[in-house]
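Enquirer: Each chain is listed here by its residues.
4 protein chains.
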Amino acid sequence: MAERLGLDVDWVEGDWRRGVDPDKVAAVLRSDPSIAAVMVVHNETSTGVTSRIAEIREAIDAAGSEALLLVDTISSLGSIDYRHDEWGVDVTVGCSQKGLMLPAGLGFNAVSDKARAASERARLPRSYWDWKPILEANQAGFWPYTSATNLLYGLREAIAMLREEGLENVYARHRRHAEATRAAVHAWGLEVLCADEREYSASLTAVVVPDGVDADEVRRVILERFDMSLGAGLGKLAGRVFRIGHLGDFNDLMLAGTLCGVEMGLRIAGVPVGDGVEAALGRLALEPVAV
Amino acid sequence: MAERLGLDVDWVEGDWRRGVDPDKVAAVLRSDPSIAAVMVVHNETSTGVTSRIAEIREAIDAAGSEALLLVDTISSLGSIDYRHDEWGVDVTVGCSQKGLMLPAGLGFNAVSDKARAASERARLPRSYWDWKPILEANQAGFWPYTSATNLLYGLREAIAMLREEGLENVYARHRRHAEATRAAVHAWGLEVLCADEREYSASLTAVVVPDGVDADEVRRVILERFDMSLGAGLGKLAGRVFRIGHLGDFNDLMLAGTLCGVEMGLRIAGVPVGDGVEAALGRLALEPVAV
Amino acid sequence: MAERLGLDVDWVEGDWRRGVDPDKVAAVLRSDPSIAAVMVVHNETSTGVTSRIAEIREAIDAAGSEALLLVDTISSLGSIDYRHDEWGVDVTVGCSQKGLMLPAGLGFNAVSDKARAASERARLPRSYWDWKPILEANQAGFWPYTSATNLLYGLREAIAMLREEGLENVYARHRRHAEATRAAVHAWGLEVLCADEREYSASLTAVVVPDGVDADEVRRVILERFDMSLGAGLGKLAGRVFRIGHLGDFNDLMLAGTLCGVEMGLRIAGVPVGDGVEAALGRLALEPVAV
Amino acid sequence: MAERLGLDVDWVEGDWRRGVDPDKVAAVLRSDPSIAAVMVVHNETSTGVTSRIAEIREAIDAAGSEALLLVDTISSLGSIDYRHDEWGVDVTVGCSQKGLMLPAGLGFNAVSDKARAASERARLPRSYWDWKPILEANQAGFWPYTSATNLLYGLREAIAMLREEGLENVYARHRRHAEATRAAVHAWGLEVLCADEREYSASLTAVVVPDGVDADEVRRVILERFDMSLGAGLGKLAGRVFRIGHLGDFNDLMLAGTLCGVEMGLRIAGVPVGDGVEAALGRLALEPVAV
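Line by line, the protein sequences are chains D, W, F and L. 1 is the number of the first residue of the first sequence in our numbering; add one for each residue after it. 292 is the number of the first residue of the second sequence in our numbering; add one for each residue after it. 583 is the number of the first residue of the third sequence in our numbering; add one for each residue after it. 874 is the number of the first residue of the fourth sequence in our numbering; add one for each residue after it.
Warning: the hint list may mix true and false statements.
Said to hold, decoys possible - Pairs of lysine to any residue, SDA-like flavour, derived with a Cα cap of 20 Å:
| no. | chain 1 | residue 1 | chain 2 | residue 2 |
| --- | --- | --- | --- | --- |
| 1 | F | Lys714 | W | Tyr419 |
| 2 | F | Lys818 | W | Ala428 |
| 3 | F | Lys714 | F | Glu702 |
| 4 | D | Lys132 | L | Gly1108 |
| 5 | W | Lys527 | F | Tyr727 |
| 6 | F | Lys714 | W | Arg417 |
| 7 | F | Lys818 | W | Tyr436 |
| 8 | D | Lys236 | D | Ala195 |
| 9 | W | Lys423 | F | Arg708 |
| 10 | F | Lys696 | F | Leu706 |
| 11 | F | Lys714 | F | Ala699 |
| 12 | D | Lys114 | D | Ala140 |
| 13 | D | Lys236 | D | Asp216 |
| 14 | F | Lys818 | F | Val795 |
| 15 | W | Lys423 | W | Gly398 |
| 16 | F | Lys606 | F | Asp592 |
| 17 | L | Lys1109 | D | Trp131 |
| 18 | F | Lys818 | W | Pro435 |
| 19 | L | Lys1109 | L | Arg891 |
| 20 | L | Lys897 | L | Val885 |
| 21 | F | Lys606 | F | Val591 |
| 22 | D | Lys236 | D | Val273 |
| 23 | D | Lys132 | D | Thr146 |
| 24 | F | Lys696 | F | Lys714 |
| 25 | W | Lys405 | W | Trp422 |
| 26 | L | Lys987 | L | Leu997 |
| 27 | D | Lys114 | D | Pro133 |
Stated by the list, open to error - Ranges of calculated distance between the beta carbons of each label pair, as one might list FRET restraints:
| no. | chain 1 | residue 1 | chain 2 | residue 2 | range |
| --- | --- | --- | --- | --- | --- |
| 28 | L | Thr1019 | D | Phe142 | 24 to 32 Å |
| 29 | W | Glu456 | F | Asn732 | 21 to 29 Å |
| 30 | D | Asp8 | L | Lys1109 | 40 to 48 Å |
Derived by calculation from the structure, the hints in this document are not laboratory data. Source: prediction; values computed, not measured. A virtual CB, placed ideally from N, CA and C, is assigned to each residue, including glycine.
In isolation and in its complexed conformation, chain D is listed as follows:
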């Protein structure tokens, strides 16, 4: 995509079981001080790995770089703690259809002054995605194009729900569900894809199936027998992992039912697994600590 956009882009090689390595970012920036921006996905939906944005910002600064920090929060916004201002992010991109519990249809950009200035200097052709007419129209409370009014009403309610529960409690709820999910995965005798415990995603967990098992066949069985759709492994993980989502409007018993479906599906698909549900219930039965 970047190539098609005529941009000069470096993909920093990574490890699909780990997040973006701040040291590597720093090293690349030191080797090329002309780099204009660093793009990171906060929570990688295809692997269940959450990168450490604050540390990446520190690494950029420590490298003496002027690069903008651009962060995709598609599957973390409203589910995993995130701090645009405090962490010094320049552009944050979010959406309505995950942690904000709405249909797809709204995208959000949080933009630093530095990013706005860069945008004005940039020469990449743009039209619909241009911030300028949006910012101008916003001055008067408007949007330059037809807006998805019904989703804005939904957004107002979604934000009210998050505030009523308290953002800290929302984040703690998802972390707790992720812990219970990992307890199940371990009791099943399977592996969580994410290899660094600092980077476990609170909004989804990717599970590695044993060699010789086709993860997509497991998914097919679960869909057919229990009407539950799990995420597929993407790219080089195709057939090797399935993904369990636990974000948005989700509670203990929804997670319990989900894990029951996965456990039965694994067995039906011929994968011998231990009692993961029991392990997860042990975690869920612990008193949630009020924040």
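Let chain D serve as the given structure and place chains W, F and L on it in line with the hints.
Expert: Showing chains W, F and L alone in chain D's frame:
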């Protein structure tokens, strides 16, 4: 209630863990040939016991009685096999808010010719509940009072859903969920209230808690911790049982999540229980037999 | 109906174009001091006539009667000013599906202490309609039967809407729409059924068609051509009147569209009429007076 | 916008009261055979003028040009007759939120083979708007990005509604409403902005207010008094016109109510106008001709 209505009513003593005993019905009718009607609840919502209506009809006939058979199907209609005509029922009373998956607001009466004739002879004052103006208005497709039109649209859709799945499959689904629930109850080391396996309800299961345990406290814990509301024991069962509903629009993973909540709640409330969820999953993982 | 209930009931002959005559009520009560209750419909839906409840109460009192005053507010509650306590009504009956803007399904009773005492002395058999179990359950915030929970949420919102607009403004809005409707009727050269201007209904207007015209044919044309359903004349008014509703969630342009449909329908049905819409718009264009 | 996209664009000067002139298009194309594409808005939402697409295509062909024909059908799709294939259009752009009666959120492109081929040769950077990944994913029934599934369900229903009515009847309904609206405008003594009767829009009508009248003040009065929002004049028409929409799910009485609101608003705003509603009703009362 019957007394307030000025009716001469005999309550035939029963056993709360069993359904109506056809032999007892026959005996009462033989002892008093003037009895005009026998009233039975098909599926007793407070105990999870399903009476054997066809056998009761046979008992009435065998006793040489002319009594009408009146049956309440509130918590069975659309969830448990029931045959108004085939079983020779005179009046069947049903509702919208359980197996038909709608809000409360519609009541249904199926009425035999014999019951209509009896109604015309009856002298109990009546107005809103009178069949006569309803039957007259129905001739022209009308209802004599303001009708709950929105629920009629819902009813059309509910019936379409039941037909799409196939009534036999719907009934089998609920029976299967009841079996899995009983498997969990037994593995927990608890008792199902219903004492006769021919009378296990397919739409709900009442569970007896051990002596010294307050079932309402278990229910309170589960509501508070898992936002799940279980049915209370009523009358002389208050505090002695809780009830698990598995009727209407309900699937395997909803049941699994429900049983997980009950199991965690029992443990949190200090009731030591075995691994009921595992037992239930064992049952649910068996291939459902297509009817 | 009253006869079927075994009650001794006198229908005081009236005039379908006028409300209940307080003087007549007083005369009947003076002639028979044993009369236990006076039943009045506040706003007669079939004629568009609103009886003067306060004056009827005064007449009852002036006659020295102890009779209860029972009032039906089905088509006035929330649309026309009504004061249960201030007017000394003993039992007020209301519903959800008109001025409260909800589906059919909720009924309301406001009951004076005197009516409750009478209810306890009464010997008419009753069950579902009995206030006693309802009042008892209400003490603890409950309802003795399955309640229509979804409608209670709707009711909360409906009441919030009425309060936000202000009840006085709601009543003024309906009076204004009734005035505009009568302006149209007069300009069409037709007659409003209600003959006493003190008794014009604010929630609906019944219109008399000229001799030789079939009101039901006019209604049929309007339904077919403009997908708008008008109320039929009932009983002895069948074919002689049609009824225009202007209650509930209704605004100026809905009324304007409604009157346009009636005007076009009358012409299509061959009834030569003047420019009623123009007359109504003249009234609607006047500044509404804030209360 | 085109300039920002780095495109070499000619705006062919036009007349805001008329559609695109096919002869002018032909003349421009003859003068510059290198022109790659002609972009036309089918129904101009800001003026209520519908351009004659088939004639423009013929003009392009007659000029011997190879230019692509790109057409915006935002406010005509599903309301005004349009034929992508038959008229030889290369790219048609449509949306969900007008004639298809849905919320904003879906955009549609109909693309000729010639346009696809041009797209592959084009060098303008692109990403989200690129047809290639969409066409590839579509082969397997997918969409390369998160799709607005709820709107797709809505679309299925919208298309079913249009088919049930019959597209020819839908188009006739809007034409009829446009005629009735123009009848009202003329009776008010005002002018329709569109100056060519071949180009009257069936989905909206822009009305010119007399000199000295501020159209935005008229709109403000109507919004405040009747809770009805009319379209504003845009660009050089600001304050000079207001726009009446009559597209989508719209019927005779909605139009009648709309015109009543406009007529009252004009008078309240001090614009002396004739009886436009009466004129419109005269048109609407004529029997609609079944197609």
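Enquirer: Of the numbered hints stated earlier in the document, which are not met by this structure?
Expert: Per hint list: 12, 17, 22 violated.
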